[in-house]
Amino acid sequence: MENCVSVPAVDTGERAAKQPWRMLRSRTASARINGVLFVLPAVLLVGFVMVLPLAQALYYSFTSWNGAQAPVTGWTNYLNMLYDPELRRSLINSLLFVLSVPFGLIPSFVVAYMLHKDIPGNRVFRALIFAPTALSWVVIGLVGRQFFALNGPFNSIFRALGSSGPNWLADSNLALPAVILTFNAAIFGINTIIFLTGLATVDRSTIEAAWLDGAKEWEVITYVILPAMRRFVEFVLIVTVVTSATGIFAMIYVMTGGGPGSATLTLEFAVWRRAFATGGFGAGAAIGITLMLVTLLAIGVIRLTLRDRSEA
Amino acid sequence: MTAIAAEPAVGAPTTTALRGGMRAAFFVALIASIASLYPFGSLILTSIRPPTNGTWFGLWGELFTNIPVGGYMLNSAIVSGGAMVLVSIVSCMAGYGFAKLRFPGSNSILALVVAGLSVPQATTIIANYFNFAAVGGIGNYLGPILMYAAGATPFSTVLMTNFFRALPDELVESAIIDGASYRQVFLMIMAPLAAPALTTVAVLCFLGSWNDLLVALLWLPDPGQRTISVGIASLVGVRSSNLNLILTGSLFSALPPILAFIAFQRYLVSGIVSGIGK
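The listed protein sequences derive, respectively, from chains A and B.
If you use our numbering, the first sequence corresponds to residues 1487 to 1798, in order.
If you use our numbering, the second sequence corresponds to residues 132 to 409, in order.
Since the hints were derived computationally from the structure, they do not count as laboratory data.
Glycine included, C-beta positions come from ideal geometry on N, C-alpha and C.
Treat the hints with care, since some could be wrong.
Claimed, not checked - Selected chain A positions facing chain B (in silico; Cβ < 7 Å): (1) L1531; (2) F1611; (3) I1615; (4) S1650; (5) G1651; (6) N1653; (7) I1666; (8) F1721; (9) I1724; (10) G1774; (11) T1791; (12) R1793.
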């Protein structure tokens, strides 16, 4: 790596010193060559681990690749996203995850807003709320598994009321809400801290002016603070939606394994189950492409929605 | 320095323009903080409480005796450390190149690298698996190292490019006129200046790699090469009846990220929100 960049670089230095009139031109050329060489490792990594496999995945999504043979089957894999009950379930589950995000962000914003007031112990509260961000999705999934267990802490509410409480993660109707709740609880801390960072960027004189005009608190939040931190709201929404769709394989793996049946199967998890558990690599590729399209669509919707609001 | 700390303006009575409802705000913050402590409290209590017919701290004893957690930790350290070093070098070089040594098409190539941010890992995992298998990258620590480093490259490159763009061009030009090579400028001037941004890149990559499950599960199938995340997650299938032991293991697995988190907290927030344009 270092050898290949040193040759033209040293050369330029010497030539520039001997022939100052050529300095500018050769320096630009040398800067360009060095530019290419410096960005090359990153481009190669992204090229071989992202761009090339994406193109391959696109091709394989139109085949019934089983690891050995890949006969072209056209749109079958994509139609199966709707016809295959398990895959349809995973598509719906992923959409439900994505749709839960705006609701999950409300407590984050409320707590960030409260923390932005000068309450005593502010710094300690921030540190505590941020702390669970250090935990991996494996750990979070396991804590969730314990929390929703038949004899777990969550059912102690039901026990106090004299009933035994359901077995949340083993019930095909209750498992998904429990997993979605765990996800939203886990991203609460980091999003609160990002909202706090956003609140700190809001121009305080604008807020002061709104108070002087006699605005109520909800008006200040809706018409002054939220528009002023629109970029942060957009960022948090996009990152959380992307995480909910593409970043929680580990949580589902340890919490429910996608089950019972396919009750908590997401598109992301279905890629693994179809491809690596049953050898349907062509089908898995199509699920993966669908996952990317769903994610991009969600990002597009978020961008458009927030843009309209700011212009209105 | 920290992005989360809003410093009070000189002479201002408060640091915020928000008013009223202080008592309610305090209680909301208190409840949120207690709830945030739940996973830690639950994990610690579960791990030290006596299991059925056992003693205090018995689960820790069982963990260290029956499960090769030391080896798992070492494997995690190898792949996370390797990925961290690789992505730091690669993104620092690329950031310098994209910001200071522009060439025809460099902005388009940067855009291509950034586009990698919107490619989910699950979308490319199958093709990646077979590509790596074809060149002996499965069952080899280098496989996950390259996967993690590549996964962290788009974000890290954006962060480093933005960092270098904020430095004056004269820094490079004057050194070149003085006879330094572009490589020397990079090693002697740019890389040392980039230390804070590089710390962010390194810590985020370390946390992401240490906490990964999917790649390690597929790329390192040999039980002797298992990372701690895979080791713990695999217990769910084998010893699902002993959830408390698995939780104890998961707490142990979380110790290095927790320590990194405490030590580098201020770099994390600034790094995470660095994607938000001004």
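Okay, the hints, checked on the actual structure:
1. L1531: holds, 4 Å
2. F1611: holds, 4 Å
3. I1615: holds, 5 Å
4. S1650: violated, 18 Å
5. G1651: violated, 17 Å
6. N1653: violated, 14 Å
7. I1666: For I1666/A, the interface hint is violated, since the closest Cβ of chain B sits about 17 Å away, which is over 7 Å.
8. F1721: Nearest chain B Cβ about 5 Å off; hint holds.
9. I1724: Result: violated, 9 Å to nearest chain B Cβ.
10. G1774: Where the cut-off is 7 Å and the nearest Cβ of chain B is about 4 Å from G1774/A, the hint holds.
11. T1791: With a minimum Cβ separation of about 18 Å from chain B (threshold 7 Å), the hint on T1791/A is violated.
12. R1793: Check failed: Cβ of R1793/A comes no nearer than 14 Å to chain B, outside 7 Å.
Checked against the numbered hints above, the structure violates hints 4, 5, 6, 7, 9, 11, 12; every other hint is satisfied.
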